[in-house]
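**Student:** Use these hints to put chain S onto chain Z, whose structure you have.
Protein chains in written order, with this note's numbering: chain Z, 1419 to 1608; chain S, 1419 to 1608.
No lab work stands behind these hints: they were computed from the structure.
Careful, some of the hints might be misleading.
Same chains, same label: a pair holds when it works inside one copy or across any pair of copies.
Unchecked claim - Derived lysine-lysine pairs resembling DSSO-like cross-links, with alpha carbons at most 27 Å apart:
1) K1552 with K1455
2) K1423 with K1519
3) K1530 with K1455
4) K1425 with K1519
5) K1530 with K1423
6) K1530 with K1425
7) K1530 with K1519
8) K1530 with K1439
9) K1499 with K1552
These figures come from a predicted structure and were not determined experimentally.
There are 2 protein chains.
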Amino acid sequence: MEALKQKIREMGTVLSDQVLKVDAFLNHQIDPALMQKVGHEFAERYRAQGVTKIVTIEASGIAPAIMAGLELGVPVIFARKFQSLTLKSELLISKVFSFTKQTESTIAISAKHLSAADHVLIIDDFLANGHAAKALIDLIQQAGASIAGLGIVIEKSFQDGRKLLENEGYRVESLARVASLEGGQVHFLD
Amino acid sequence: MEALKQKIREMGTVLSDQVLKVDAFLNHQIDPALMQKVGHEFAERYRAQGVTKIVTIEASGIAPAIMAGLELGVPVIFARKFQSLTLKSELLISKVFSFTKQTESTIAISAKHLSAADHVLIIDDFLANGHAAKALIDLIQQAGASIAGLGIVIEKSFQDGRKLLENEGYRVESLARVASLEGGQVHFLD
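Chain Z with its partners taken away, still in its complex shape (with noise of 0.2 Å):
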């Protein structure tokens, strides 16, 4: 996605080998205009696919993954990375370890807002080693829920978690697949 590149390019910022900063327009400040372009791009992806649910984590995965619900017509629901007094009851749990906080932290969804009849696509702002990415998987099978596929908005394909999702047969879209960070200058794949 073009667009999404251009504003890698000008906005994100090399941090390392391994991280790239987008927290001018992606997971601190968000750019909206941006993110209604993202959200429609997974759309025209999955428009055919009898998607019924978004599933997407707190809190940088919300607006891309709203903005692709207001297109295809579905709720959106975001797991939690804790428990809250007022969402207590009946929760599906996965756990998750994050690299780049080097903590674990319980990731949870209510299970009274997806069922077996759902067909869920995954919107994430990252996609990285995949434990993420697995963590959700694992709440949305633990309801019974079949999985349309993947939708991250920047991939750092040179982490294996494409890899381990597609050997799983699941359906990975990436707006921008980054290939290296190399020399502090972002490598898209294509």
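**Tutor:** For chain S alone, kept in the frame of chain Z given last:
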């Protein structure tokens, strides 16, 4: 806003005289079409005010904020509730106590995304005692930016958040004002 009140009547759950659960369409599962209407309404109310940025707080504020930002054509910044490794430098920090969760958390935004030239619209999903709103105001003032006002999806008018904010001169626009939750029923103010 009638569509919002109707949704609260249909899908909201009164858990106690203090707690209204809206996790079916606002703060866990999200209705994107309703959020678009909510964003439109915020934009209508603040369109003439010269807003340059929207500031909200993760996670439930993001969906209404991004829709308002899309319509006003301005970026959205969401305050984070904890520091991450990729967001450590030049943080503006404030504290907020959550009665729901009975915990104090630190919220932060990156100083580089807000300046004295900004005129900010604050958006959040709930206004109760005003603690979260006050912490956001504190962050914005640390940046030297000015405040156009607040846009609240659901106001608990039986708590003193609005009074506190209005006493300090802030404009508060709430799309649904809940007068009471007594008897397990949602009673709106108007």
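**Student:** Please work out whether the CA atoms of K1530 and K1455 approach to 27 Å or closer within one copy, between two copies, in both situations, or in neither?
**Tutor:** For K1530 and K1455, only the inter-copy Cα distance (25 Å) is at most 27 Å; the intra-copy one is 31 Å.
**Student:** Give the relationship of K1530 and K1439 under a CA distance limit of 27 Å: within one copy only, between copies only, both, or neither.
**Tutor:** between (35 Å within a copy, 14 Å between copies)
**Student:** With 27 Å as the alpha-carbon cut-off, assign the pair K1552 and K1455 to within, between, both or neither.
**Tutor:** within (26 Å within a copy, 33 Å between copies)
**Student:** I want to check one pair: K1530 and K1425. Are their C-alpha atoms no more than 27 Å apart within a copy, between two copies, both, or neither?
**Tutor:** between (38 Å within a copy, 18 Å between copies)
**Student:** At 27 Å max between alpha carbons, let me know whether K1499 reaches K1552 within a copy, between copies, both or neither.
**Tutor:** both (14 Å within a copy, 24 Å between copies)
**Student:** Up to 27 Å between alpha-carbons, please classify K1423 paired with K1519: within, between, both or neither.
**Tutor:** Classified as within; 25 Å inside a copy, 40 Å across copies.
**Student:** At most 27 Å between CA atoms: does that hold for K1425 and K1519 within a copy, between copies, both, or neither?
**Tutor:** Result: close within a single copy only, 25 Å intra versus 38 Å inter.
**Student:** Evaluate K1530 and K1519 at a C-alpha cut-off of 27 Å and name the case that applies: within, between, both or neither.
**Tutor:** Result: close only across copies, 22 Å inter versus 30 Å intra.
**Student:** For K1530 and K1423, with the copy left unspecified, which applies at a CA distance of at most 27 Å: within, between, both, or neither?
**Tutor:** between (38 Å within a copy, 22 Å between copies)
Hint check: no violations occur; every hint is consistent with the structure.
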